[in-house]
Each structure stands twice: as C-alpha cells, then as structure tokens.
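Colleague: The lines below spell out each chain.
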Amino acid sequence: MRVFLKFIKIFLATVFTLYIGLIAYQLVFQSKEIRFKLAAGAQGNGLSQVMFGILNWQHPEYDAAFFERSVPFNKNGDYETGFAYLNQAVELNPLNHLGYRGYMKLRFLRDYNSALADFDRLDAMTPDIVDAPWGEDIDFLRGECYYGLGDYSRALKHFKQSITNQGAEWVDVQAFVYVGLCHYNMQNYDEAIGAFKTGIEQYGNTCEAYYGLAKTYLKVGDTISAQINLQKAQDNIQYKYSDGYKEYLNEIYQEDLDDLKSKF
Amino acid sequence: MLLTINESFFLKSKLNIWLLVSFLIAGILTLWLYFKLTEYVWDISYDSAVDSEEFSPCGDYRIYPYYQVGTYYKGGEKAIKKKLLPKVNTEGLPPNGLLTVRFVVNCKGETGYFRTKMTDVDIKEVVVPTSTSNHFYDIISELEDWIPGKIQGKPMDSYEQIVFKVEQGKITDIF
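So the sequence lines, in the order shown, correspond to chains F and A.
Once you know that position 156 of the first sequence is 156 in my numbering, the rest is easy, because the numbers rise by one and skip nothing.
If you want my numbering, it's the 1-based position in the second sequence plus 264.
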C-alpha cells in the first residue's frame with residue numbers, strides 16, 4: 001500500500017511539474033517566432049498580451065511583436081496604448097511599419113496630415129518602388145488623405161497616379177470613383193461623368209459610380225439620365241464599398257439613394 | 265507530541281514537499297491562465313457607480329467587438345453624424361483631439377455601459393470631466409436604430425464605438 005501511495009505521489013508530482021514546465025516553456029523559452037504566432041492568433045486576449053509583453057521584454061528589437069501587440073487596442077479605440085506600441089515598431093523598423101501606421105491614422109483617426117507625413121516618409125525611403133501600405137496603393141491612400149482635407153486638386157493628382165501605378169485594368173475601381181468625386185467637387189461635371197463611366201466600364205456593379213453619375217446628371221439638369229443611374233445604383237447597392245471596421249470617406253448607404261430620389 | 269512527530273515527518277519528506285509545491289503552483293497557474301484566457305483588451309465591466317441598472321447585456325458571458333459580429337447603425341456612421349452633430353456640445357473638451365465613446369449594444373439593439381477615452385493630437389490621453397462624458401452618453405443613448413451583430417443568425421451583445429474629432433473647439437467629424 002505504501003509503495004502504491006508513493007508511486008501515485010511521484011506520478012502526480014511529475015504531472016504537475018511537467019505541466020508547469022510546459023506552460024513556462026510556451027510563455028518564456030519557446031522560439032520567439034512560434035510564440036508570436038500563438039499570441040497573434042489570440043488577438044485581444046489577456047494571455048496574448050502577456051505573451052507579447054514577455055516578447056517585448058526579452059527581445060526589445062523584435063518590431064513585429066510591438067506592431068502586433070498594438071492591433072487590438074487600435075481596433076477598439078484605445079489609441080494611446082495602441083499607438084505607443086505601434087510607434088515603437090516604427091522606430092525599430094520604419095520600412096515595415098510606417099505604411100501601416102499611416103493607414104491607421106487615415107482610416108481610424110482621420111488624421112490626414114499625420115497620415116500623409118508617414119506615407120511621404122515611406123515613399124522617400126523607397127524611391128524606386130511603389131509602396132502598398134496594408135495592401136493598398138500608396139497614391140490611392142494619399143489621394144484619400146487630400147480628399148479628407150478637402151484638397152480635391154491634390155487628391156485628383158494622386159488618384160490619377162494610382163491608376164498609372166496599377167494600370168487601368170488592375171487598379172481599385174474606387175480610384176475612378178474618387179477621380180469622379182474630385183471633379184464633381186471642383187464642379188468639372190463633364191470630367192466627373194467621364195471618370196464614373198470609366199469605373200463602370202471596368203466593373204459594372206460599382207454602385208458608387210452609378211450614384212456619382214446620378215448626382216452629377218442631376219446637377220447638370222439631365223434628370224432622365226440621373227434617374228436611370230440612380231436606379232442602377234439601387235440595383236447594385238449590395239455590392240457597395242464597405243469595410244467591417246470603419247466607414248470609407250466615399251461610402252454610400254440606402255439612405256443616400258433615398259435622399260437623392262426625394263430630390264426628383 | 266505524536267502530531268509534532270508526524271508533522272516533522274511530513275515536512276521532511278521531499279516527495280510530499282515536491283507534490284505539495286507542484287500542486288500549488290500548478291493550481292495557481294491554472295487559475296491565472298483561466299483569468300487571462302477569459303479577459304480581452306476590449307472588455308467593459310459593469311460599474312454600479314456609473315452604469316444604469318435598466319440596461320443589461322442579453323447574455324452573461326461574452327460580448328464581442330462590433331467587427332467580429334457585424335453590428336452597425338442603420339444608415340452607417342453617416343447617419344450617426346447627421347443625428348448627433350446638431351446636438352453635440354464640446355464644453356469641457358480640449359480644443360483638439362479625438363473623443364472615443366465605447367459602449368455595449370445588446371442583442372435587442374439597446375445601448376449601455378458607456379465609457380470615454382480622449383486623446384490629444386499627440387495621441388496622449390486627456391481626462392474628460394464626468395459631466396462632459398455624460399452629455400455624450402445622453403446623446404448616444406438617443407440613437408435607436410442599432411442592428412445587433414449576429415452569429416449563425418442569432419443576435420449577439422457587442423461593443424460599439426463612436427469617434428468624435430475635435431478641431432479648434434468644434435466637432436468636425438463623427439465616425
């Protein structure tokens with residue numbers, strides 16, 4: 001009996017010790033890349049933040065851990081904490097993180113001047129390549145910044161540059177929509193109509209382009225064309241440009257279509 | 265006397281000490297892991313000092329960020345801006361910065377558990393007076409067209425946020 005009891009005790013103590021060792025290994029001694037993947041996979045979770053905290057402490061030069069740690073804070077409105085980590089990532093590796101920081105300042109903070117400063121700095125670091133912060137053409141994003149600032153002339157220049165960068169076949173169709181919107185805001189209605197039509201030629205379901213056409217035709221007094229295009233916008237509203245996190249500057253809603261209908 | 269001898273024997277037993285210590289550490293570690301695994305950076309806990317008793321989430325476990333379940337306001341942020349801009353008062357706010365109001369939209373589309381965070385132009389936190397925060401909670405409470413996010417067709421409780429951009433003492437954007 002005594003031997004059996006001793007065996008059970010050794011077995012349990014071994015299991016507990018291995019369990020403690022396994023947790024310690026995963027948190028502290030595992031390779032930093034594997035711990036990064038584990039922590040990133042549980043974004044926003046308390047344990048994920050602890051793992052990033054340990055990584056930041058053990059490897060203060062590991063920029064990816066600071067960058068990834070920032071993400072859930074910025075997505076959830078704690079910009080002071082999120083940008084403190086993101087700024088550290090940028091400081092360690094500006095080439096990798098400046099674009100994302102600019103993107104976040106544009107889309108999440110709508111701090112257009114500060115976003116432009118990041119995009120311009122990134123561009124200056126890579127004079128021979130067209131950057132794509134967070135997967136979007138840098139000139140498209142710069143165009144959005146100037147559009148947000150109400151500087152439609154400069155916005156237009158960058159949206160046109162984005163079309164040149166990507167090629168008319170590959171560029172985001174919203175570049176044509178924004179070109180149309182810039183012209184519309186500068187009261188160049190013929191050019192606006194041309195740009196919206198080019199967008200529709202490229203992708204026939206672009207409801208923002210139909211809506212832009214409807215508004216522009218209404219402005220120049222062509223109510224029949226306006227009504228036709230408003231109906232097309234209505235037919236394609238399910239394909240509207242939207243994002244799960246933040247509203248786009250040119251985003252349209254059913255309520256916008258209803259408002260325009262009420263003006264006929 | 266007998267007890268003292270047993271105690272002494274117990275404490276001298278390296279095996280028993282190993283078992284006890286490893287058990288205690290494993291237990292504490294498990295509890296700590298449980299708490300860490302069930303907390304999220306976006307959590308808002310009920311605070312009886314500031315939260316209305318009339319509002320409560322539908323479930324008693326998890327509240328999701330809006331982007332995970334697709335919570336939105338009818339007409340989007342544009343509609344929110346249109347409704348809030350005429351009502352908003354910037355008294356008590358610094359002249360420039362971002363005021364973020366976070367809150368819970370429950371499965372019925374009701375709102376509560378409001379919290380504010382204000383940052384200045386350098387993205388450093390600025391304290392907002394309670395009366396100013398309450399003004400923002402009041403006007404956001406009047407928004408009645410929240411569409412709760414869903415998981416497999418079932419409406420869920422979720423966290424939402426509205427950002428007010430303050431420039432030269434005025435609200436210039438709401439998103």
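Because the hints were derived from the structure by calculation, they are not lab data.
Positions of the beta carbon are idealized from the N, C-alpha and C atoms, including for glycine.
Possibly wrong hints are sitting among the right ones.
To be verified - Computed cross-link-like contacts, EDC-like style, restricted to lysine to aspartate or glutamate with a CA-CA straight-line distance of at most 16 angstroms:
(1) A:Lys338 x A:Asp384
(2) A:Lys434 x A:Glu374
(3) A:Lys338 x F:Asp256
(4) A:Lys347 x F:Asp259
(5) F:Lys246 x A:Glu341
(6) A:Lys429 x A:Glu374
(7) A:Lys345 x F:Asp256
(8) A:Lys342 x F:Asp243
(9) A:Lys345 x F:Asp128
(10) A:Lys347 x F:Glu255
(11) A:Lys342 x F:Glu255
(12) A:Lys342 x F:Asp190
As the list claims (entries may be wrong) - Short, incomplete list of chain F residues facing chain A, as computed with Cβ under 7 angstroms:
(13) Thr17
(14) Leu18
(15) Gln26
(16) Gly77
(17) Tyr79
(18) Arg110
Stated by the list, open to error - In silico negatives: residues of chain F with every beta carbon more than 10 angstroms from chain A:
(19) Met1
(20) Gly44
(21) Pro72
(22) Pro127
(23) Lys157
(24) Gln234
Colleague: If you check each hint against the structure, which ones fail?
Modeller: Violated: hints 1, 2, 6, 9, 12, 14, 15, 20, 21.
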